[in-house]
Amino acid sequence: MKRTEGSEPSTLVTDGGSVDWRGSSSSSVTVTREERLREMYEENFVKPMIVAWSDSRTRLGLLIIGFYFLIALVAILGLWREPSTSQAPRYLMLFENMTYPLGTTASGTDLAALIIHSTPDILLMVASGGLWATGIAVLVGTVAGYKGGTVGRVLMSISDFVMAIPGLPLVMILAITFNPKNPILLGIIININYWAGLGRSIHSQVLTIRENNYVEASRTMGVSTPRIILKDVIPNLMPYVTVNFVFAARYVVFASIGLFFLGVLPYSDQNWGVTLNFAYSGGALFSWSAAHWLLVPMVAIIGLSIGLILLGQGMDRVFNPRVRTRLAGESESTAVTDEKDTGMTEVL
Amino acid sequence: MSNYYVRRTARVFVTIFAVATLTFGLIRLLPGGPFTQLRAQLLRQGVPASEVDARIANLQNINPDAPLWQQYLEYMGSVAQGNFGESISLGEPVVRIIAEAVPWTVFVVLVSTILMFAIGIFLGSLQAYWEGSRFDKAFSGLSIALMSIPFYVVAVISLYVFAYQWGWLPTAGTVGASVEKELSIPFLLSALEHSILPIFSYTLGGIGGQALAMRGNSIQVLGNDYVRVARLRGLADHRIATRYVARNAILPMYTGFLLLLGFRLSGTVILEQIFSYTGLGYYMFAALKANDYPLMMATFLVITVALIVGVYIADLTYSKIDPRISAGGSDEAY
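Residue numbers (the numbering used here), protein chains in the order written: chain A, 1 to 348; chain B, 349 to 682.
These are computed hints drawn from the structure, not numbers from a lab.
Be a bit skeptical, because a hint or two may be false.
As the list claims (entries may be wrong) - Across the chosen pairs, the derived CB separations fall in these ranges: (1) A:Leu60 with B:Leu599: 27 to 35 Å; (2) B:Leu416 with A:Ile158: 22 to 30 Å; (3) B:Val454 with A:Tyr267: 26 to 34 Å.
By construction, the Cβ of each residue, glycine as well, lies at the ideal position given by its N, Cα and C atoms.
Using the sequences and the hints, build the whole thing.
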């Protein structure tokens, strides 16, 4: 309550913790920059990692996603040959020739090279699409939910309108119009209206969060709206938002590969979806000998989405503050009362 | 309260109006605009240059020489009358094509979504009852695996195995070529046979997510005091399971069901293409490839209206089904 106006911005910038407003106003001289950095590191990196690592799904998910990053790195560093036609015998099966472990296509292109060299772009696209969708959704949902009234109604009407537009057909039209080849732009276009549904459900959650005592306390203390949203509202939403970031990312994978498969999205190099398309139209459906041509890109897609889903399910716990302090060994007292609570979050 | 319903209904019309306007704008966004390509195409087909404008006006309900606001009014006017012009690539009135396509799409989407929910709810509630058991763990893993498989991958694989390799099911179309299009037993059987693979592939991938959601909801409900009280009162297990747990666990999924129904309509663009299943999505894609703007915009509009109506019904009925939710929500401004 005794917090002065002057001390407020400094705490806003420096940390993500919760008790520091006292420290910075009374003894800010004694807290060195190094200590503050270490605390930030403890709070924002070490503890979440302990919690995340304690869940086997996160471990597996991180392992899988890490593997894809490794593949992307291989492509960026140029450790694997570039794909080109007639670089190998045609229709090699899986593991038939260990120089081309994943086999080759009808035109004698190394399948492994096709998969590896499209990974960086796909990861970029997935990340940008996921960030775009969750970012806009959180912004719209929290502002509309917290402010309510006319602002809320207008924002929700906009969301309702955007939500009403069918996603895939709109993306197809936009893709043909703008012909986006940049993976970051492509990710955004694919999730161009994904945020609306998410924003709507965040909105309804904020409606209940804003009735909490501590939010009311902040409001009576005269804390500014952006700060209340940032400090009191959004932390409550984080589990939900992370899980939905993963779902949005998975949607990008599904939709983009699907549209590449249809041949709607523009491409400069063959990626998983385009490979799938070539395999499908190149007659891989008719004979067992070309089955691997279809299977390899499919496995790449499924693997990435399994990794994303596992990560999302495990990450859910990281942002649950109560699970977090308990696992990081700070407070033992909450352990008994929270039994039911953790059981629930594990599920989502 | 009635005020809310009036406002909500008004919003449906406003949204449809806005989307129709959007389609008008999108036509103009597309490369080459709506007319240049069409004009070239008509001239190639040997239509005299003097008649080209009249043909375009006939095809798209738009007079290309009129100012933009007049084009817009004419377009909206004809859309309101249900007149979408004539398909350029198929040479038929768009309305007739759509009327033929809609039942197939609705059939596949409706059946697969209902199946998906039914199976998901069943599995999810079993998992919740036996939480922590080997069955629960196995199916949680399976659910995650199912969630990771895109439906078109299932579609391509099942087409490959069941249709091309083993020849059990047809590879394309909605009914057999030799079957008369009338309501008869052979027609229904053929339609069913052709829809098995699309429905199967559109259902399978969705089950996992529904099962996990149902499992989570049920576990949450099972921990509630009223369930404990019901047990203490000595109520029969199946009564607790259906009346107390299932009902409260399924409720939150109800809105999702209607939303998903609309959402999955747009997914048919990919699904129907794989199976050459001549529904809405199939024509939407064909129109896009052929630069057939009237047909494309009409399919776009129809899918959109279906989505809007789905959300509308969800909103209106939710407060009826769940008495705890009052229609309209909190409006207090901070």
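Hint-by-hint comparison with the structure:
1. A:Leu60 with B:Leu599: 27 to 35 Å: Cβ of leucine 60 of chain A to Cβ of leucine 599 of chain B: about 33 Å, so the range 27 to 35 Å holds.
2. B:Leu416 with A:Ile158: 22 to 30 Å: Hint holds: Cβ distance 24 Å, inside 22 to 30 Å.
3. B:Val454 with A:Tyr267: 26 to 34 Å: 33 Å, holds
Hint compliance for this structure: every hint is met.
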